[in-house]
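Novice: One line per chain: the protein sequences are A and X, in this order. With the working numbering, the residue at position 41 of the first sequence is 41, and numbering never jumps. Count along the second sequence from 1, add 1000, and you get the number used in the working numbering.
Just so you know, these hints were derived from the structure itself, not from any lab. Mixed in with the good hints, there may be bad ones.
As the list claims (entries may be wrong) - DSBU-like, lysine-lysine: derived pairs with alpha carbons at most 35 Å apart:
| hint | chain 1 | residue 1 | chain 2 | residue 2 |
| --- | --- | --- | --- | --- |
| 1 | X | 1036 | A | 258 |
| 2 | X | 1317 | A | 507 |
| 3 | A | 507 | X | 1036 |
| 4 | A | 506 | X | 1059 |
What the hints assert, rightly or not - Covered stretches of chain A, as calculated for chain X (at least 3 residues, CB under 8 Å):
| hint | stretch |
| --- | --- |
| 5 | 75-81 |
| 6 | 125-134 |
| 7 | 302-308 |
| 8 | 468-479 |
Remember, it's a predicted structure, so these values are computed and weren't measured experimentally. Note that beta-carbon positions come from the ideal geometry of N, C-alpha and C, so glycine has one too.
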Amino acid sequence: MFIIYNQMGSGYLESVNPVILSKKIKTFGKIQMKLLYEKSVSGRRAVRPAPSDVPTSINLDSKLLREKEADLPELSELDIVRHFTELSRRNFGVDTNFYPLGSCTMKYNPKVCERIAAYPGFCYLHPLLPQLRMGGILTQGALQVIYETDLLLREITGMAAFTMQPLAGAHGELTGIMLMAAWHRDRGHKKTILLIPDSAHGTNPASGAIAGYEVRAVPSDKTGVMDVQALKEMVNDSVAGLMLTCPNTLGLFNPHIKEICDIIHGVDGLVYYDGANLNAITGKVRPGDIGFDIVHLNLHKTFGTPHGGGGPGAGPVGVVERLTAFLPVSIVVKRDDGTFALEYDRPKSIGYIAPFYGNFGIILRAYVYILMLGRAGLIRVAENAVLNANYIREKLKDHYDLPYPQLCKHECVFTAKRQAAGGVHAVDIAKALIDAGFHPPTIYFPTIVPESIMIEPTETESKETLDDFIATMIQIAQTAKTNPEKIKSAPLSTCVSRLDETMAAKKINVACVQKKE
Amino acid sequence: MPFIANTSEQQEQMLGELGLTMEGLFADISPELRCKSFALPAGITEQQAREKLAEISLKNSTELIGFLGGGFYDHFIPAALDAITSRSEFYTAYTPYQPEMSQGTLQAIYEFQSVICRLTEMEAANASLYDGGTALYEAMMMALRITGRNKIIIDDSVNPIYRVMIDSYTRNLRIELHQTLNEGGLANRAGIYRLVDDETAAVIVQNPNFFGCIDDYSDIAEAVHKRGALLICSCYPISLGILKTPGAMGADIVTGEGQSLGMPVSFGGPYLGFMATRQKYIRKMPGRIVGQTVDTQGRRGFVLTLQAREQHIRRDKATSNICTNESLCALRALVYLTLLGKQGLQEVAQLCADKASYAYRRLTEIPGVNPRFHAKWFFNEFVVALPCEAVDVIGRLIEKGFAAGFPLSRYYDGMQNAMLIAITEKRSKQEIGMLAEALETVL
């Protein structure tokens, strides 16, 4: 008998008998999956640890021990493999379906990168080893990967140096803003305000606030990019800097970018480049060349490392020369004799932001990806990402409204305003796409576009896939007019239909925990 | 090799339909904004990449017999774990924003949250954080939000790697950070009690602590709660196979590094931060949380819930800026704990303790090698005092094929001769004996 804990703390929401549950489920046609705990059979086992080879077993002081064993599920190895294989079949990934999730760059993740990341020389290397005397020489390969990835990223972005430590994009943002704060502190500046466009990812204002800044939103102009006039009015000596995604979340490249950088530099501010959308301009534009001071990259977007269902990612941060002294410790350096070493003696550094050298396994995959693509390949990535996005924009523009009809970069943003007037909203269109075998685009973001549908096809998708997607989108637009109810009932093909998110937030049940005796 | 599907002909055809050239697609970027340089090497094929990286990987030595820990451990990883987590339906998916087509990830995270709750004896867990250090920092920030206070007390027996991270993160914030110095290898109770007051948001401790010593923090929890403050406990999940849980001690927020649960040490990442708390604090928790609900036909399903806490909704008022977390690592931890099961985890934990206890006795028999602390109980890691500087001894042992341990002088004053040694179930009696013999010869 399993008890589902109730958020109110007053007791238990419902008690679920696995047998009754499975009967109930079958009445609905599709078989609902049991939880691991509902499959557990007392005494059943999978992997067994090797027997002990030491003479005695220690009896620790009983008051330091847990009262009863940790209540983990008890299953056979086959039970477990079947459970997770079945779960995997209830998931969509890039490998199974077209995944045009805007701003997420869901491109193909090369298998070779997975293979290489599993080489024993990389995955069984302890991170403390290079911190020991004589240990550095035994980790030369790993240090080389970090060092050379740094050099490659410098050339790709035009920055002077990178830290590979940030563990995801938002972590890179926080690191970047901490660097900004350290620089201002060092110069004796009293700066309190961070400017961020209203079209920014939510992580930007959150990172700025967590780093200790007051965040102010700069409005977009009627062409969809940051309003330079408004920026001029908002800028003053209290402004520490500006965070900008370019191309922005509407997929638009800001033509005033140089002027914007100059305005911020005019008040001794720093300009931060959110690299979430770098895929659109790799080999075409380098943030370092146009005046940005700090850059973070999402290796899991631009450089093809898998998203993992929500991580792990990696968010290296690059800076211009005058900020290099502030980068986190440690840094990998190359000595005169050609060997690599960790450098700790960095008095102006912001300190440690990760336990070691970043998500090494992810950095390694990105390194392989960059080496394989090379100069010409990375340029072709940007060109084909932009070509695919514009092809979709062109083919769908008569069927969905385009709030900003100009040339786009890696993604195009439509509004479902026309369909919404007839009762079919962006979310309904998204759900109808699921039934047609497509992962939906990002919806309701950026928030400055009502009923937004943000489509990022990436460069790895073929024209055939794009054509299928386009045909489906057109079909949905037509059905929205003739049979809106059909679309509103989607999806019908998945293991569950639309879920009650309000109930999830009200009757909170976030863990299956056993009733206390 | 850019993994692009479209042929040149198809690209031309598509450009034709747009009435543009490839260059025309970038007409909105004026010439003076273009790259000043892009001097990258030419691309290589898969075969070349594999050969090159195989060669680089051989410059790393994984031949050493390892006794390095410090919060990051070399545990055995079953084959089924890699088989399951290599399914690309899991690893090529994004954050599960569309629940109908992400029930695999969502149910797995719900189950991960469930095992973390059961392991720690807490009531609610999140979907993961980056690592044990950022998880501890997030717990500290959460305690500040819950209590509305700004004083934090942390004992120096907490992993120094985490303490230096917390120090970095708080430099630009108005937080009063106090550190107590351990007493003989255990948390300094007198120091903590002297500092705890009505301004204190939280006290931070770790079990087993950085020195491997085991403690029961029930008394600290009680004292802290009397002042309206919270107890934050960082823990080593494998040890919870046998050790008293932070939940049973009265901790309010529990965090830890989940690397030991099926992640290889991988030169520092990807790792897994986890966090669990009391049900009443769930709305103050950072990160993704998966909750159970029903669909339109009453079938059970899972969704990301309480999203109003998060950055994509709340922006600068969010509980954290975290977006991408360590979802695939959380899946690994879940599969690992499930493969071991109730009895297996207990056995692994007991094996670690038994082997460490054997190694401790074996090594402290060597003349000049002594226990560094008076604290009697440790889990799988312990500190010995050597007759000379640990840094030198460790260097000499590396030449003999052992990563023997970590020198505490790197983080602690007056510990030049102290070496931290970790044992997992993978280290054999024979290897421990070889280490002892090698240590004897280098002293």
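Novice: Each hint should be assessed against the structure and marked as holding or not.
Specialist: How the hints compare with the structure:
1. For the given pair, residue 1036 of chain X sits about 15 Å from residue 258 of chain A by alpha-carbon distance, which is consistent with the 35 Å threshold.
2. The straight-line distance between the Cα atoms of residue 1317 of chain X and residue 507 of chain A is roughly 24 Å, inside the 35 Å bound, and the hint therefore holds.
3. Proximity of residue 507 of chain A to residue 1036 of chain X is assessed by CA-CA distance (about 57 Å); at most 35 Å being required, the pair is judged violated.
4. Between residue 506 of chain A and residue 1059 of chain X the alpha-carbon distance is near 54 Å, which puts this suggested pair outside the 35 Å criterion.
5. Restraint check on the stretch 75-81 of chain A versus chain X: 4 residues with Cβ-Cβ distances below 8 Å, three needed, restraint holds.
6. Here the stretch 125-134 of chain A counts 9 residues with a CB under 8 Å from a CB of chain X, which clears the bar of 3, and the coverage holds.
7. For the stretch 302-308 of chain A, the proposed coverage by chain X is satisfied: 4 residues have a C-beta within less than 8 Å of a C-beta in that chain, meeting the threshold of three.
8. Under a criterion of three residues with beta carbons nearer than 8 Å to beta carbons of chain X, the stated coverage of the stretch 468-479 of chain A fails, only 0 such residues being counted.
In summary, the numbered hints that this structure violates are 3, 4, 8.
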